[in-house]
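S.K.: Protein chains in written order, with the numbering used here: chain H, 1 to 125; chain X, 1 to 125.
Treat the hints loosely; a few may be bogus.
Copies of the same chain look alike in the list, so a pair counts if it fits in one copy or across any two.
Unchecked claim - Lysine-lysine pairs mimicking DSS-like chemistry, simulated, CA-CA at most 27 angstroms apart:
(1) LYS5 with LYS58
(2) LYS106 with LYS78
(3) LYS23 with LYS119
(4) LYS104 with LYS78
(5) LYS5 with LYS62
(6) LYS90 with LYS23
(7) LYS61 with LYS81
(8) LYS61 with LYS78
(9) LYS23 with LYS62
(10) LYS61 with LYS5
(11) LYS23 with LYS61
(12) LYS81 with LYS62
(13) LYS23 with LYS58
(14) LYS106 with LYS62
(15) LYS106 with LYS81
To be clear, the hints were calculated from the coordinates, so they are not data collected in a lab.
There are 2 protein chains.
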Amino acid sequence: MINDKLLEVILSPPDSALTIATKGPGGIHLINSWNSYIQITDDDKLLLPAGQMEQTEKNLKKNNEIKMTICNRDVQGKTYKGTGFLVTAKATFATSGREYEMVKNKFPWARAALVLVIKEAIQTL
Amino acid sequence: MINDKLLEVILSPPDSALTIATKGPGGIHLINSWNSYIQITDDDKLLLPAGQMEQTEKNLKKNNEIKMTICNRDVQGKTYKGTGFLVTAKATFATSGREYEMVKNKFPWARAALVLVIKEAIQTL
């Protein structure tokens, strides 16, 4: 699921904002995090620290699918420098366990780990 | 609508991806563009070049509201360096007129101008 190009987008400078969309009662709900905040587990889950993200957590209880865009202006894309991925994933919040510990260890302020199991990752640019 | 901080996010390096969300028949539809592609009109509309964006255009015909996240890792935010805005806007595609010409002049490959009339811009980070 995590091919070399997606890995390059996640790991290369400059750091950049990613966007996560969920469906909420008021419509589309968008939040941001930073590419550099991602940790990747041995089994290719993506972990992000949740500081607030309360509405996202509520939305996931009704529909646990998220869409995420993640881009990097300095990574070569299909036709020019600058590329990005549209990621569809199943998402959960973890407040205990190994994935939570990984996040908490790096981001002591995190109240939870947002755990993404990638369903599909399409390079769009 | 466009305060100094939002202007700083749009205009300052490093260039970064922005995300635009619309409601589509298959759910949430996300696209990306780059902060540096934005042009601002005298009356504070945001213009973006549309290369493809066909699904976004279709979605806007049924519901012309978009949500956009736009961030900059190097601009001071509320608590640390790195900030972003959640923008709600009414969006249309222009294929003629002054706004289209502005976009076409800078981006000859653009098939249209995506014109955003900001309803609300909230600094989220």
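S.K.: Decide, hint by hint, whether the structure agrees.
M.R.: Checked hints:
Taking identical chains as interchangeable, the C-alpha atoms of LYS5 and LYS58 are never at most 27 angstroms apart, the minima being 32 angstroms within one chain and 30 angstroms between chains. In the homo-oligomer, the alpha carbons of LYS106 and LYS78 lie at most 27 angstroms apart only across protomers (21 angstroms), although the nearest pairing inside one protomer, at 33 angstroms, exceeds that limit. Proximity of LYS23 to LYS119 under the C-alpha cut-off of 27 angstroms is found in both arrangements, the shortest distances being 17 angstroms within a copy and 20 angstroms between copies. In the homo-oligomer, the alpha carbons of LYS104 and LYS78 lie at most 27 angstroms apart only across protomers (22 angstroms), although the nearest pairing inside one protomer, at 36 angstroms, exceeds that limit.
Neither within a single protomer nor between protomers do LYS5 and LYS62 lie at most 27 angstroms apart by alpha-carbon distance, with minima of 32 angstroms and 35 angstroms respectively. For the identical chains of this complex, LYS90 and LYS23 are neighbours both inside a copy (13 angstroms) and across copies (19 angstroms), given an alpha-carbon limit of 27 angstroms. With identical chains, the CA atoms of LYS61 and LYS81 are never at most 27 angstroms apart, being 38 angstroms at best within one copy and 32 angstroms at best between copies. Proximity of LYS61 to LYS78 under the C-alpha cut-off of 27 angstroms is found in neither arrangement, the shortest distances being 36 angstroms within a copy and 29 angstroms between copies.
In this assembly of identical chains, the alpha carbons of LYS23 and LYS62 lie at most 27 angstroms apart whether taken from the same copy (9 angstroms) or from different copies (18 angstroms). Taking the closest pair of Cα atoms, LYS61 and LYS5 never come within 27 angstroms of each other, the shortest separation being 31 angstroms inside a single copy and 34 angstroms across copies. For the homomeric pair LYS23 and LYS61, the shortest alpha-carbon distances inside one copy (11 angstroms) and between copies (20 angstroms) are both at most 27 angstroms. Neither within a single protomer nor between protomers do LYS81 and LYS62 lie at most 27 angstroms apart by alpha-carbon distance, with minima of 38 angstroms and 34 angstroms respectively.
With identical chains, the CA atoms of LYS23 and LYS58 are at most 27 angstroms apart both within one copy (10 angstroms) and between copies (19 angstroms). Taking identical chains as interchangeable, the C-alpha atoms of LYS106 and LYS62 are never at most 27 angstroms apart, the minima being 29 angstroms within one chain and 44 angstroms between chains. Within a single copy, LYS106 and LYS81 get their C-alpha atoms only as close as 30 angstroms, which misses the 27 angstroms cut-off; across copies the closest is 18 angstroms, which meets it.
Violated hints, listed in ascending order, are 1, 5, 7, 8, 10, 12, 14; each of the other numbered hints is respected by the structure.
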